[in-house]
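Q: Sequence:
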Amino acid sequence: MRNLRQTFMIPLVSVLTFFIVNITNFPEDALSNDKVSSTTETNWGLHTTTFTTAEGKIKVNFPDDMAAGDTISGTVIVEPSGTTLEERERNSDELNGYVVEVEAEDKTVKEASVKTKLLTGVAIPAGLAGGVTTLILKDNKGKIVAKTQIPVQPKPPAIETPSVPTSDDFQLPSVGQAGRPIEVSGPFDGDIDTTAVKIGGSDVEVLAESPRKVVVQSPRDVVGPTEIEVKEANVIAKGEMNNLKVSLSADRTTLHKGEVATLGVRVSGLKGLQNPVPLILTNETPEVVNMQGGNYQVINITPAETQEEGTYFIERSLTAIQTGSFNIRAQIEVRKQKERQEKPPVVVLKKEKKPCGSIKGTIHVRTKRKYRLRTVVYLEGLCTPCGYDGSPETGEMTLDVLSKKLPGFQPSFLAMPKGSSLVIRSIETKEITHIPYVIPPVGEKTISLGHLERGESKTLNLSESGLYILHDSIHKFEDGRVFVTPNTCFVVAKDDGTYTIEDIPPGTYTITVFTVPKRTRFPRAEVTVTAGKATIQDLTLTR
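Just so you know, the working numbering puts 465 at position 465 of the sequence shown, and the rest follows in order with no gaps.
Any given hint could be a false lead.
[Said to hold, decoys possible] Restricting the straight-line Cα-Cα distance to at most 30 Å, the calculated cross-link-like pairs of lysine-lysine (DSS-like) are:
| hint | residue 1 | residue 2 |
| --- | --- | --- |
| 1 | Lys117 | Lys141 |
| 2 | Lys115 | Lys141 |
| 3 | Lys418 | Lys238 |
| 4 | Lys115 | Lys143 |
| 5 | Lys198 | Lys147 |
| 6 | Lys238 | Lys198 |
| 7 | Lys271 | Lys198 |
| 8 | Lys57 | Lys117 |
| 9 | Lys117 | Lys271 |
| 10 | Lys213 | Lys117 |
| 11 | Lys238 | Lys57 |
[To be verified] Pair ranges (Cβ atoms, derived):
| hint | residue 1 | residue 2 | range |
| --- | --- | --- | --- |
| 12 | Glu526 | Lys143 | 42 to 48 Å |
| 13 | Asp389 | Ile432 | 38 to 44 Å |
| 14 | Lys57 | Tyr437 | 41 to 47 Å |
| 15 | Ile144 | Gln322 | 42 to 48 Å |
| 16 | Glu453 | Glu89 | 49 to 55 Å |
| 17 | Cys386 | Lys57 | 45 to 51 Å |
| 18 | Ala304 | Asp251 | 25 to 31 Å |
| 19 | Gly293 | Thr166 | 44 to 50 Å |
| 20 | Gly121 | Glu453 | 52 to 58 Å |
Hint data in this document are derived by calculation from the structure and do not stem from the laboratory.
Everything numeric in this text was worked out from a predicted model, so none of it was measured.
Glycine included, each C-beta is placed from N, C-alpha and C at the ideal position.
Take these sequences, add in the hints, and give me the full structure.
A: The following block contains the structure:
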């Protein structure tokens, strides 16, 4: 949510960002006017809608996993404009007179004055259609001044909720970002009023909550090893975490062609960490400068490279291609710990492992052309195959302009699970520079991955399910496509249309397909998997 995705204009020293997610920009509603505009962005575990008024900004936060049938909570934050304290206070009073409403299927389900700062107990209708709900802003006279849509999942993920939650059911983060949102997963009730979170012994602001997670604001003044405590109703979970801070600096703000600036990157708060921390540097102005080591870099900060006081520092030279200023973005890629603490081994006596089942069938095609080579069959919601160890998957696409038979992205299509990584590598035999572009599945914002020199590679984190479309500055008509499934229970159908998804735990699932051609209707069906058996399910693609 952002441009809570932070971009740094050097040499301002800024805190780096982490948990970068695809951004969703929804068009402004026809009711928005010249005085009030609205945008919705997804990042940091939140959907954030920003209403820009003459008096300042009103930001509404909701959890990004909210689904039809959920009860959720959100918050409202005002940022009054003005150059003097008196002007900002006057504008703050004006902003507090606005009212925010959540609407679904032409029925308002919750409203709150901006002054209250909270939207609690928002019940999203179970039968919500279209994958969105509507957020409305009214002025102090009750007039609608803006509307915008926010995404809603069609149904909640199939997560097993414990009847009596314990502290072990909460997944606490091992690393946070000072001054930025962090997520805690667990059996929450969607009501902010029953949740309290402390970091470093002090209460922190709760920004949003769903039945599956809470998002809180990590404190700016806590850096390094600390404790996080989460209280949900009568259950308290505690754990150790490191709150990291990253600062960027440069010795020059504007460069002329051929000039060189030195970029400094400092990460603080690493003391005591046992695992590597990925630091990602991205040059967002590759048309202005080249960054030493590549315009997109993933640097694993290991404990051995960390100074005794818990800091890490590197420098990169920036060489100007043309005159201008430049933007460098830094982020820490933070992964949630799988378990808050080690659990003692469990001895199981005379208990056999229950076998899993499978789903098989044929994809029939009722179109003029058959597209089975690019047809993915997958299960919706949550599904973990038997024997899967949770290791993230990595795929690779190559770029080559000199190939006469297969120019552009190869392979041109991949299917990968959510949370995996795609490596884009240049295999040119001559000095040819590519600039790969990505259109993520959420929204229509094109993302540049920067210059890709011969032999270099870029890594794209596939954090959202759906279709990623890749373009290249040289190959105008040779696209790469990556379909990201919501889980690891999927398969690409064979060229004869047959498929088999193995190792599925017993249960009832919704199976569906994806294929590349547009205007194809994607069939869905409910299937029940029985242990030790194969369930037969045919599906038909139509226009």
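Q: Decide, hint by hint, whether the structure agrees.
A: Against the structure, the hints come out as follows:
The straight-line distance between the Cα atoms of lysine 117 and lysine 141 is roughly 19 Å, inside the 30 Å bound, and the hint therefore holds. Between lysine 115 and lysine 141 the CA atoms are separated by roughly 15 Å; this keeps the pair inside 30 Å, and the hint holds. Only pairs whose Cα atoms come within 30 Å are accepted, and lysine 418 paired with lysine 238 is accepted, the gap being roughly 29 Å. Distance check on the hinted pair: lysine 115 and lysine 143 sit about 17 Å apart at the alpha-carbon level, within 30 Å; holds.
Between lysine 198 and lysine 147 the alpha-carbon distance is near 35 Å, which puts this suggested pair outside the 30 Å criterion. Between lysine 238 and lysine 198, the direct Cα distance comes to roughly 9 Å. Compliance with the 30 Å bound is thereby established for this hinted pair. Restraint check: the Cα-Cα separation between lysine 271 and lysine 198 comes to about 20 Å, which is no more than 30 Å; the hinted pair holds. A hinted pair counts as satisfied when its Cα atoms are at most 30 Å apart, and lysine 57 with lysine 117 qualifies at roughly 13 Å.
With a C-alpha separation of about 36 Å, the suggested pairing of lysine 117 with lysine 271 is violated against the 30 Å cut-off. For the given pair, lysine 213 sits about 20 Å from lysine 117 by alpha-carbon distance, which is consistent with the 30 Å threshold. At most 30 Å may separate the alpha-carbon atoms for a hinted pair to count; lysine 238 and lysine 57 exceed this at roughly 35 Å. As the Cβ distance of glutamate 526 to lysine 143 is approximately 45 Å, the hint placing it in 42 to 48 Å holds.
Against the hinted window of 38 to 44 Å, the Cβ-Cβ separation of aspartate 389 and isoleucine 432 comes to about 39 Å, which satisfies the hint. Take lysine 57 and tyrosine 437: their Cβ atoms lie about 30 Å apart, and the range 41 to 47 Å is violated. Hint check: isoleucine 144 to glutamine 322, Cβ distance near 46 Å, so the stated range 42 to 48 Å holds. Checked against the hint of 49 to 55 Å, the C-beta distance between glutamate 453 and glutamate 89 comes to roughly 53 Å, which is consistent with it.
The hinted range of 45 to 51 Å is satisfied by cysteine 386 and lysine 57, whose Cβ atoms lie roughly 49 Å apart. Between alanine 304 and aspartate 251 the beta carbon distance is about 28 Å. The supplied range of 25 to 31 Å therefore holds. Between glycine 293 and threonine 166, the C-beta spacing of about 46 Å keeps the proposed range 44 to 50 Å intact. Range check, glycine 121 to glutamate 453: Cβ separation about 54 Å, and the 52 to 58 Å hint holds.
Checked against the numbered hints given earlier, the structure breaks hints 5, 9, 11 and 14 and satisfies all the rest.
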